[in-house]
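Student: Chains as they are written, first to last, in numbering that gives the first Met the number 0: chain Y, 0 to 335; chain U, 0 to 335.
No lab work stands behind these hints: they were computed from the structure. Just so it is clear, CB atoms sit at the ideal spot from N, CA and C, and this is done for glycine as well. Do not rely on the hints blindly, as some may be mistaken.
Chain U stretches covered by chain Y per the calculated footprint, using a threshold of three residues with CB under 8 Å from any CB of chain Y [as the list claims (entries may be wrong)]:
| # | stretch |
| --- | --- |
| 1 | 21-32 |
| 2 | 35-49 |
| 3 | 98-109 |
| 4 | 114-123 |
| 5 | 133-141 |
Number of protein chains: 2
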Amino acid sequence: MKYGKILLEHGGGGLLSNQLIAEYFLPRFHNPYLERLEDSAVLNIGSQKFCFTTDSYVVSPVFFPGGNIGSLAVHGTVNDLSVCGGVPLYMSAGFILEEGFSVASLEIIIQSMADAAAEANIKIVTGDTKVVARGAADGIFINTSGIGLVEYPGVLSVKNIQLGDVIIVNGTIGEHGAAIIQARDNLSLTADILSDSAALNNLIACILKASSNVHCMRDATRGGLGAILAEIAKNANVHISIDEKSIPLQENVRGICEILGFDPLFLANEGKMILFCPKSDADQVLTVMRNHKHGKNAAIIGIVEDIGIGRVVLKTSIGGERIVDLPTGELVPRIC
Amino acid sequence: MKYGKILLEHGGGGLLSNQLIAEYFLPRFHNPYLERLEDSAVLNIGSQKFCFTTDSYVVSPVFFPGGNIGSLAVHGTVNDLSVCGGVPLYMSAGFILEEGFSVASLEIIIQSMADAAAEANIKIVTGDTKVVARGAADGIFINTSGIGLVEYPGVLSVKNIQLGDVIIVNGTIGEHGAAIIQARDNLSLTADILSDSAALNNLIACILKASSNVHCMRDATRGGLGAILAEIAKNANVHISIDEKSIPLQENVRGICEILGFDPLFLANEGKMILFCPKSDADQVLTVMRNHKHGKNAAIIGIVEDIGIGRVVLKTSIGGERIVDLPTGELVPRIC
Numbered sequence: 000m001k002y003g004k005i006l007l008e009h010g011g012g013g014l015l016s017n018q019l020i021a022e023y024f025l026p027r028f029h030n031p032y033l034e035r036l037e038d039s040a041v042l043n044i045g046s047q048k049f050c051f052t053t054d055s056y057v058v059s060p061v062f063f064p065g066g067n068i069g070s071l072a073v074h075g076t077v078n079d080l081s082v083c084g085g086v087p088l089y090m091s092a093g094f095i096l097e098e099g100f101s102v103a104s105l106e107i108i109i110q111s112m113a114d115a116a117a118e119a120n121i122k123i124v125t126g127d128t129k130v131v132a133r134g135a136a137d138g139i140f141i142n143t144s145g146i147g148l149v150e151y152p153g154v155l156s157v158k159n160i161q162l163g164d165v166i167i168v169n170g171t172i173g174e175h176g177a178a179i180i181q182a183r184d185n186l187s188l189t190a191d192i193l194s195d196s197a198a199l200n201n202l203i204a205c206i207l208k209a210s211s212n213v214h215c216m217r218d219a220t221r222g223g224l225g226a227i228l229a230e231i232a233k234n235a236n237v238h239i240s241i242d243e244k245s246i247p248l249q250e251n252v253r254g255i256c257e258i259l260g261f262d263p264l265f266l267a268n269e270g271k272m273i274l275f276c277p278k279s280d281a282d283q284v285l286t287v288m289r290n291h292k293h294g295k296n297a298a299i300i301g302i303v304e305d306i307g308i309g310r311v312v313l314k315t316s317i318g319g320e321r322i323v324d325l326p327t328g329e330l331v332p333r334i335c
Numbered sequence: 000m001k002y003g004k005i006l007l008e009h010g011g012g013g014l015l016s017n018q019l020i021a022e023y024f025l026p027r028f029h030n031p032y033l034e035r036l037e038d039s040a041v042l043n044i045g046s047q048k049f050c051f052t053t054d055s056y057v058v059s060p061v062f063f064p065g066g067n068i069g070s071l072a073v074h075g076t077v078n079d080l081s082v083c084g085g086v087p088l089y090m091s092a093g094f095i096l097e098e099g100f101s102v103a104s105l106e107i108i109i110q111s112m113a114d115a116a117a118e119a120n121i122k123i124v125t126g127d128t129k130v131v132a133r134g135a136a137d138g139i140f141i142n143t144s145g146i147g148l149v150e151y152p153g154v155l156s157v158k159n160i161q162l163g164d165v166i167i168v169n170g171t172i173g174e175h176g177a178a179i180i181q182a183r184d185n186l187s188l189t190a191d192i193l194s195d196s197a198a199l200n201n202l203i204a205c206i207l208k209a210s211s212n213v214h215c216m217r218d219a220t221r222g223g224l225g226a227i228l229a230e231i232a233k234n235a236n237v238h239i240s241i242d243e244k245s246i247p248l249q250e251n252v253r254g255i256c257e258i259l260g261f262d263p264l265f266l267a268n269e270g271k272m273i274l275f276c277p278k279s280d281a282d283q284v285l286t287v288m289r290n291h292k293h294g295k296n297a298a299i300i301g302i303v304e305d306i307g308i309g310r311v312v313l314k315t316s317i318g319g320e321r322i323v324d325l326p327t328g329e330l331v332p333r334i335c
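Chain Y on its own, in the form it takes in the complex (with noise of 0.2 Å):
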């Protein structure tokens, strides 16, 4: 890596956030867990699985359709403690606030944390705020870390994705990211879409009860499903394929996008997940996530067409193919 600065993008989940984490902090830290690269470390303790993970949470505008900063932290760890294969159990909530920050917006925060975590039945059960003063910092950040309990005797982990697995998305994409750009924007646009902030434990579970061989889980949250998809491509070094018209996607999404020159696929979602599982068990996945709240617009989107080489291929609605790359950074800075 040839920065000599940090650039907005090292924090977009893309090329440049892989870049610095697999030439800066992998070769100090390195050890296997963190070397896998999951959205949770998993970790035997005793006689015991667990799940670990940890996320900051800048996302500008604080309060947004659908959603504010407090629920979408305990969203965001819940969900990478499911994709796991974790029950969330325990979390923590770090604060960072700028003096001069509105005692009613925190309490308001809080309370949305509160509200999410129970939803979740995960306990906040340890913290910590700090103070800098104005203008060392835009108002709120939050970060929130999670412990989960990992009883699910498979392994989900995307180098357990296998030839002819079928890619399950469980709903309609690119809500959140869609959300936090109509909140910033200037122009008036009325789409009225909400976040799809939303905690995935409880249909994770589900699906996990219903099939004993999903081999790997991911939720598409920065870079969106683009991201993501190509990400698992290149670490599990497989070839996916994934069809335009398959993909789930709200009318007033795909209207925003086109106005505003953003593809839906590398917008944000914070209640979206993809699921690798066989194509024999696809049908029963796909029943019990279409009967959940939150899977209600499940879909197959694609297929691993290949093995041992890394690429994402999207079939375009009219008919074309493109490469889906990873995107060097991110569509919107600050989404989460």
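Go by the hints and put chain U onto chain Y.
Tutor: Only chain U this time, still in chain Y's reference frame:
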């Protein structure tokens, strides 16, 4: 709390911090783990007992004599686990970087984290990096959360403090606070004070091996020895008597405090802990501490003189007495 806006003092570890926690966080996040208000939550999962802690680091300047934000972030989490009786196992690292932050500085900070983690035998297993635009943060903030395994058979808690317990500190106080003041100073005071930032897990393991009667331990960070003692006295509802003459203090720290008008009792430490144990165990505990590099200047500084009234009384070196109250905020903002 009658504040409409967050004040710097809400993050200082003093009275306003405690009010914010008591009036805003606890009523919403309420659960018995959080309500213990110890440095870590202690959790029973299956047949095992764990501790779990989080802290965000916003120290300014990022590099200071004796350490930097990276080593500090590891030491802080290791110590919070250790004083709750946990053997530190795994930790997370969440970075919030300001666009334009020096990659060379980041490299030094990451290396310091890796070195500190290796020394404390804790693994950094999960992480996150966010970047915000120039001006939306101040260089670098780090959150670390940690998990430890608790095997100490005794109960370590402020609720377990007993009448007659002696209070032991592992060495000279105030160096971290004084080092930060010195690093920020424009007066060119050349007192050559190094931060005491250090991982205390090995020292604490030795203590807990030597005595199974330790009642409570805390690290004396933000707010210094004074704030921690005042908080413990209140939460344990005990009258603590401490003797100023017995409190270890380096001459250069005393000097900078006299020049600038600071009270070393309220200066932050990052490698100091206090311990409550019966008088009968004090000798063996002191011996173990003094044989350890992080306890060479360990001393008995006070005693639990009465129960049923929560206060700290300091016998001053000139023969007077004064109440040691929880400070409103912090002498020095962004100390950690």
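Student: Now tell me if each hint is right for this structure.
Tutor: Hint check:
Look at the stretch 21-32 of chain U against chain Y: 6 of its residues bring a Cβ nearer than 8 Å to a Cβ of that chain, three or more, so the hint holds. For the stretch 35-49 of chain U, the stated coverage by chain Y is satisfied: 8 residues place a CB nearer than 8 Å to a CB of that chain, which reaches the threshold of 3. Proximity of the stretch 98-109 of chain U to chain Y, defined as three or more residues with a beta carbon under 8 Å from a beta carbon of that chain, is established by the 9 residues found. As drawn, the stretch 114-123 of chain U meets chain Y at 3 residues by the rule of a beta-carbon pair under 8 Å; at three or more, the given contact holds.
Residues of the stretch 133-141 of chain U with a Cβ under 8 Å from some Cβ of chain Y number 5, which satisfies the need for three, so the listed coverage holds.
Checked against the numbered hints above, the structure breaks none of them.
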